[in-house]
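**Q** Sequence:
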Amino acid sequence: MKKLYIETLGCAMNTRDSEHMIAQLNSIEPYTLTTTVGEADLIIINTCSVREKPVAKLFSEIGVFAKFKKQGAKIGVTGCTASHLGKEIIKKAPIVDFVIGARNVSKITEVLDKKHAVEIDTSFDESNYDFSDYRTNNFKSLINISIGCDKGCTFCIVPVTRGEEISIPSSIILKEVQKSVDAGVKEIMLLGQNVNNYGKYFSQSDEVTNFTSLLQSVSRVEGVERIRFTSPHPLHMDDEFIEEFASNPKICKQIHIPLQSGSSSLLKSMKRGYTKEWFLNRCEKVRAKVPNVAISTDIIVGFPNESDEDFEDTMDVLEKVRFDQVFSFKYSPRPHTKAATFENQIPDNIASSRLTRLQARYYEILEEIMHSHMNEEHLVYFDELKSDGMVAGRTDSGKLILVKGSEELLGEIKKVKITKTSRMTLIGSLV
Numbered sequence: 001m002k003k004l005y006i007e008t009l010g011c012a013m014n015t016r017d018s019e020h021m022i023a024q025l026n027s028i029e030p031y032t033l034t035t036t037v038g039e040a041d042l043i044i045i046n047t048c049s050v051r052e053k054p055v056a057k058l059f060s061e062i063g064v065f066a067k068f069k070k071q072g073a074k075i076g077v078t079g080c081t082a083s084h085l086g087k088e089i090i091k092k093a094p095i096v097d098f099v100i101g102a103r104n105v106s107k108i109t110e111v112l113d114k115k116h117a118v119e120i121d122t123s124f125d126e127s128n129y130d131f132s133d134y135r136t137n138n139f140k141s142l143i144n145i146s147i148g149c150d151k152g153c154t155f156c157i158v159p160v161t162r163g164e165e166i167s168i169p170s171s172i173i174l175k176e177v178q179k180s181v182d183a184g185v186k187e188i189m190l191l192g193q194n195v196n197n198y199g200k201y202f203s204q205s206d207e208v209t210n211f212t213s214l215l216q217s218v219s220r221v222e223g224v225e226r227i228r229f230t231s232p233h234p235l236h237m238d239d240e241f242i243e244e245f246a247s248n249p250k251i252c253k254q255i256h257i258p259l260q261s262g263s264s265s266l267l268k269s270m271k272r273g274y275t276k277e278w279f280l281n282r283c284e285k286v287r288a289k290v291p292n293v294a295i296s297t298d299i300i301v302g303f304p305n306e307s308d309e310d311f312e313d314t315m316d317v318l319e320k321v322r323f324d325q326v327f328s329f330k331y332s333p334r335p336h337t338k339a340a341t342f343e344n345q346i347p348d349n350i351a352s353s354r355l356t357r358l359q360a361r362y363y364e365i366l367e368e369i370m371h372s373h374m375n376e377e378h379l380v381y382f383d384e385l386k387s388d389g390m391v392a393g394r395t396d397s398g399k400l401i402l403v404k405g406s407e408e409l410l411g412e413i414k415k416v417k418i419t420k421t422s423r424m425t426l427i428g429s430l431v
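In the numbering used here, the protein residues as written are 1 to 431.
Derived by calculation from the structure, the hints in this document are not laboratory data. Values in this document were obtained by computation on a predicted structure and should not be read as measured data. This list has only true hints and no planted wrong ones.
Below, computed lysine-lysine pairings styled on BS3-like, alpha-carbon distance capped at 30 Å:
id : residue 1 : residue 2
1  : Lys320    : Lys330
2  : Lys2      : Lys386
3  : Lys53     : Lys151
4  : Lys57     : Lys67
5  : Lys91     : Lys57
6  : Lys268    : Lys151
7  : Lys386    : Lys140
8  : Lys415    : Lys285
9  : Lys175    : Lys186
10 : Lys404    : Lys415
11 : Lys386    : Lys415
12 : Lys87     : Lys114
13 : Lys114    : Lys92
14 : Lys175    : Lys414
15 : Lys57     : Lys151
16 : Lys320    : Lys417
17 : Lys285    : Lys200
Given the sequences, and given the hints that come with them, work out the whole structure.
**A** Shown next as structure tokens:
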């Protein structure tokens, strides 16, 4: 049996793409996953290109893998960086055997024996492709509901690397959900660049639906106990969607709402389609209906033309919403994006100072939020065995919980009382 080493960088959609590739490879020849590069017959780097660092890391990783790989082993580069660099990867690193873009995952078995094959067509349609079944976590299932993105945010390279947005027919999605629960999975994570834009366009279907209807359909599948999704776009958070989120008991009360900036003028420059006031209104509406909801977000600091006043608007949103989780970054100019050509790029020292201030205040808020859970009781779905005699799981609101236990807890939902808090983790005991 051949061995596969696969390194997945970036988002949950990349994780799902890696699962699809593993499934496709196993459909023609069994592969065993390995964590040791030197053992692997096939090495795959599934890349991210949202920021500069993962791109720089790619060629560093290729060099390391080339040094330690065994004779005859193949190296493949896949994902978003593969999409926008294509042949340049092989030109710069000839040891790479094949390159597959993020929109061409199903072609993995076609390129294995084609030296220096490059498949990066972002118009290729995989929305109706019937992938073989595979998941890296036996207790949670990642399911794509759309591919690509139609937003064209000025800072984002995703439309270039993943192509135009296409929704996956609900029949295919529900088939994957059914396969998951048949395998014992209780938690479903629905994935898309803008999940609540679902149903806008199907390539081979005249289905009339939307994300709210899809959530209702998934929740009706017997065996599904928890539903999560990422990421909704603030622009499409209509009242119908918020009502379904609040009232459907199977939908976990955790929601990721990407802010990017608290400045309405910068949001316009980013081409986000909403204002600071709209974002705050949607968060207020969610909290009014679900007081204990956990809201996470993405924030970019140092976007071109960001003034001190613009940054203060972002800090103001942070104070008002009090996010449970913030993914924050300095603006990173990406190729093929409009913002990379904007004048008044912010100096790195100013962007760094703003990021430090933002993160420091966020960590203060986070510690207050986490400490507030002391002595509370939560239902926790356990899905990961730790090496130190602990078992990990998450609450309905997505908080990471650790308890003393064994593999008998895996796949179970148990009540836990919180006995210790920290910034990132809650420790508890079974009730």
